[in-house]
Amino acid sequence: MGRIAVVLNLLSMVVLIFAVTMLLPLAVSFALADGAERAYDVAIVITALTGGLGWFATRGASRELQLRDGFLLVVFTWTTLPAFATLPLLGYLPQLSFTDAYFETMSGLTTTGSTVLSGLDRLPPSINLWRCQLIWLGGMGIIVLAVAILPLLGVGGSQLFKAETPGPMKDTKLTPRITETAKGLWLVYFSISVACVLAYRWAGMSWLDAVMHAFSTMGLGGFSSHDASFGYWNSTRVEAVAIAFMLIAGINFGTHFLAWRSRSLKPYRTDPEAFVFVAILVLSCFGIAWYLLGNRVYPDYWTALRFASFNVISIATTTGFANADFNLWPVFAPLWMLFLCSFCTCAGSTGGGMKMIRAQILFKQILRELLRILHPRLYSPVKIAGQPVENKVVFSVLSFVLVYASSIILMTLLLAASGLDAVTAFSAVVVTINNTGPGLNLVGPATNFEVLNDFQTWVCTFSMLLGRLELMTLLVVMTPAFWRK
Amino acid sequence: MKIVILGAGQVGASVAESLVSEQNDITVVDVDPARLRILQDRLDLRTVTGSASHPSVLAAAGIEDADLLIAVTQQDETNLVACKIAARLFNVPRRIARVRATDYLNDEKVLGPDGFEVDLMICPEQVLTDYIVKLVEFPEALQVLDFADGKVSLVAVRAYQGGPLVGHPIRELRQHIPNIDTRIVAIFRKDTAVVPDGDTVIEVGDEVFCLASAQNIRRVMIELRRMDKPVKRVMIAGGGNIGQRLSQALAADYSVRVIDHNKRRCELLAATLEGVLVLNGDATDEELLEEENVAEMDLFVAVTNDDENNIMSSLLAKRMGARRVVSLINRRSYVDLVQGAQIDVAISPAQATIGRLLAHVRRGDIVAVHSLRRGAAEALEAVVHGDRESCRVTGRRIEEIELPPGASIGAIVRGDEVLMAHHDTQILAEDHVIVFVADKKTLPKVERLFQVGARFL
Chain F
1 MGRIAVVLNL
11 LSMVVLIFAV
21 TMLLPLAVSF
31 ALADGAERAY
41 DVAIVITALT
51 GGLGWFATRG
61 ASRELQLRDG
71 FLLVVFTWTT
81 LPAFATLPLL
91 GYLPQLSFTD
101 AYFETMSGLT
111 TTGSTVLSGL
121 DRLPPSINLW
131 RCQLIWLGGM
141 GIIVLAVAIL
151 PLLGVGGSQL
161 FKAETPGPMK
171 DTKLTPRITE
181 TAKGLWLVYF
191 SISVACVLAY
201 RWAGMSWLDA
211 VMHAFSTMGL
221 GGFSSHDASF
231 GYWNSTRVEA
241 VAIAFMLIAG
251 INFGTHFLAW
261 RSRSLKPYRT
271 DPEAFVFVAI
281 LVLSCFGIAW
291 YLLGNRVYPD
301 YWTALRFASF
311 NVISIATTTG
321 FANADFNLWP
331 VFAPLWMLFL
341 CSFCTCAGST
351 GGGMKMIRAQ
361 ILFKQILREL
371 LRILHPRLYS
381 PVKIAGQPVE
391 NKVVFSVLSF
401 VLVYASSIIL
411 MTLLLAASGL
421 DAVTAFSAVV
431 VTINNTGPGL
441 NLVGPATNFE
451 VLNDFQTWVC
461 TFSMLLGRLE
471 LMTLLVVMTP
481 AFWRK
Chain E
1 MKIVILGAGQ
11 VGASVAESLV
21 SEQNDITVVD
31 VDPARLRILQ
41 DRLDLRTVTG
51 SASHPSVLAA
61 AGIEDADLLI
71 AVTQQDETNL
81 VACKIAARLF
91 NVPRRIARVR
101 ATDYLNDEKV
111 LGPDGFEVDL
121 MICPEQVLTD
131 YIVKLVEFPE
141 ALQVLDFADG
151 KVSLVAVRAY
161 QGGPLVGHPI
171 RELRQHIPNI
181 DTRIVAIFRK
191 DTAVVPDGDT
201 VIEVGDEVFC
211 LASAQNIRRV
221 MIELRRMDKP
231 VKRVMIAGGG
241 NIGQRLSQAL
251 AADYSVRVID
261 HNKRRCELLA
271 ATLEGVLVLN
281 GDATDEELLE
291 EENVAEMDLF
301 VAVTNDDENN
311 IMSSLLAKRM
321 GARRVVSLIN
331 RRSYVDLVQG
341 AQIDVAISPA
351 QATIGRLLAH
361 VRRGDIVAVH
371 SLRRGAAEAL
381 EAVVHGDRES
391 CRVTGRRIEE
401 IELPPGASIG
411 AIVRGDEVLM
421 AHHDTQILAE
431 DHVIVFVADK
441 KTLPKVERLF
451 QVGARFL
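Sequences listed follow chains F and E, in order. Per the working numbering, residue 1 is the first one in the first sequence, and the count goes up by one each step. Per the working numbering, residue 1 is the first one in the second sequence, and the count goes up by one each step.
Treat the hints with care, as some may be off.
Stretch-level coverage of chain E by chain F, calculated; a stretch enters the list once three of its residues show a Cβ under 8 Å from a Cβ in chain F [what the hints assert, rightly or not]: (1) 270-277; (2) 285-298; (3) 302-308.
Note that these hints are calculated values from the structure, not bench results. For glycine and all other residues, C-beta sits at the position ideal for the given N, C-alpha and C.
With the hints as extra help, turn the sequences into a complete structure.
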């Protein structure tokens, strides 16, 4: 019981802090008198009380945190916070079911951006702010989780950057202590977010919209305060700002941190992922634009390029904004975008998917196997940034990809069994496990996840959580061995 | 001269050997008494057993009145410390150290007067690598040596049937390639030196040494043999120090495969080398060579640290169809056994590497000494100083200089200009003169010639 108690103790503290973050939408609600004030009152009281009581009840449990406690804490945090986050939504929208509300807040905290709500423009600003704020908080959690905590637990993208392994984060705990690392990363995250707010404001958004969309962009989530998403502004300038900041948020924040601290761009050059990430996206934008032009979706190349770039980058960075209904494009284009979103973002960014570094290792491993057929006694390590990657890391990447693929297949089958068509089922699983946002067909950008029944919603919710916690973190907690003394 | 040599390994032993024959007092220090005993049995020198960097051991080796310290142990650090101690505690005027790690060379402060006080740094592995790289660039040559920072090259070529000059007197060379200034400085015919003049006829099988500026080497070689296709594919047996450096140097321009039998070594090689196929296995394993298409190789280089392995794998590779094989062979008797027969070029590491070191030991201002034909002959680059009165070379025409038999002046480098030597060329102060010495015994005479004030000694 000791383990549970110490984890609950920490969890209670996290919940308490989470209650504090509800003050922001509350303040906005009061300032604008948007009619949602009461929803927060109740929510804050319940959240704070639960956190406080939990902390009080377990205050005696003070023990060094162990590896297993870490897994448990991460999983508990990502399952309980969405529950508390539903309180303001349920308070304001009594007709909303808990299932849908939990999906919505999970979608926020996992920076997915799939929504079950429609009529967003008519919702009070504070509720929309709360939704977007969840993404920003989730993004913040993810960065620290990925860069500072998961490596300690031995899973996750950035464990690939550990000690003897390569690249930008060479000695890679960025600072000697985790708390210092976390502070540094948050500072970078916060500064870029502020820049993003200002840029959106400059591009023509209202202050409130600018803040909400900056939250949504930095977390690579995709919630918007408008049903039409970025189509609402129909402005290339707003879209350009969004593209720039989505790309920034798709790069490892550890690299941003190093660049910021050394005041140079060199860390980006030595980052093995950043260049490939940007290069693939740029090529895809031009390619898809040609494809759309060729299929006469748009009348001229510039229009095609505008819509192609925004939607390709939005989906590939796992954000999920849209300024066109790409569901109506010829099917290759959206499929290519879904393909990109499954691997493009860098480890240590706020994006989802299996991460660029794993894709690179996987690709190089395939090349190595092919070369080995020609040269049976060849010795060739998989190298990232000129440094060899240990075989056990390659193995862990292979098993990750295997679990990733089988999860997609299994959940697609589940959704199909529950009555969805193949494209909807497949795309819903892909966009949720990659924490992207809108899918295709029934769950496409013009519609949303409202159409799913409760069972299907829970499958998608699980899929988001699974993807966000990089599969293994969640799955290991589900093994019997984990609970054995 | 009193010389202390630290380390009785391959380099130490061959340095000792070549210096003993030049009449110096030599003391060799090593931790391994067995190695010292072998050396002492063979050569006339003194040995001291102990750790080469300890002051007491150095003192026992008589370092107080040594003129030169040559630190060539296996460890860079031992060599560096020994140099520092020799300079600080014992005031040894000149110190030479073998340094392998390039890290020490990045900042000259490390080895300079404020650092470890090393006068001359040598790295045998690097010299050998450069040697072999030259052979890859000029696959027809037996040896290519650079003088005066690469302005002049000395190239050794075997004359083959079909070369336009083969079977003709040397003076026709001028008619064949009128625009190219070159000079044949020596010919070895069946292991004896022939001093060439205009009437000498080049025969098939002659080993011909020509001097030419670097860009003309290829043109000159065409006169003596038909040219091969340029090298594209190289297989290297042995991924040790030399194998690694060699792969690194060749990786960019050639397709390189390197074979090593040690798994750990393979891991390291694969980690550090980019664009090289690292293969784990035995270089004498016929199956492996077959698998890796040795028949398609333009060059097979055996550089393991084992003579027998090098010879066997080279022979095997040659028989399986490799176009040209080069092998590193330490034992001189082996070299004579195999060179020219099935193995195209046998390189004797000791002779190839100690040239620079020997230059430092010589009298006169000698910039470079290269051993040719595995030590039988030498080519040296000397700088001329003084004037007509104090030096026996300065201000004179070449025909006036009294060179010992077998020695000849090949070329003169004046500033950036390269002059091929003719009988009436006048030598000025500060010229770099490249001298070919066919018989090593006459070397001291040549050195004395270039010493300023020698006639007053």
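So, going through the hints one by one against the coordinates:
1. 270-277: With 4 residues closer than 8 Å to chain F, the segment 270-277 of chain E meets the three-residue bar; holds.
2. 285-298: Contact hint for the segment 285-298 of chain E vs chain F: holds, 3 residues under 8 Å.
3. 302-308: As far as the segment 302-308 of chain E goes, the hint is violated, because 0 residues have Cβ atoms under 8 Å from chain F.
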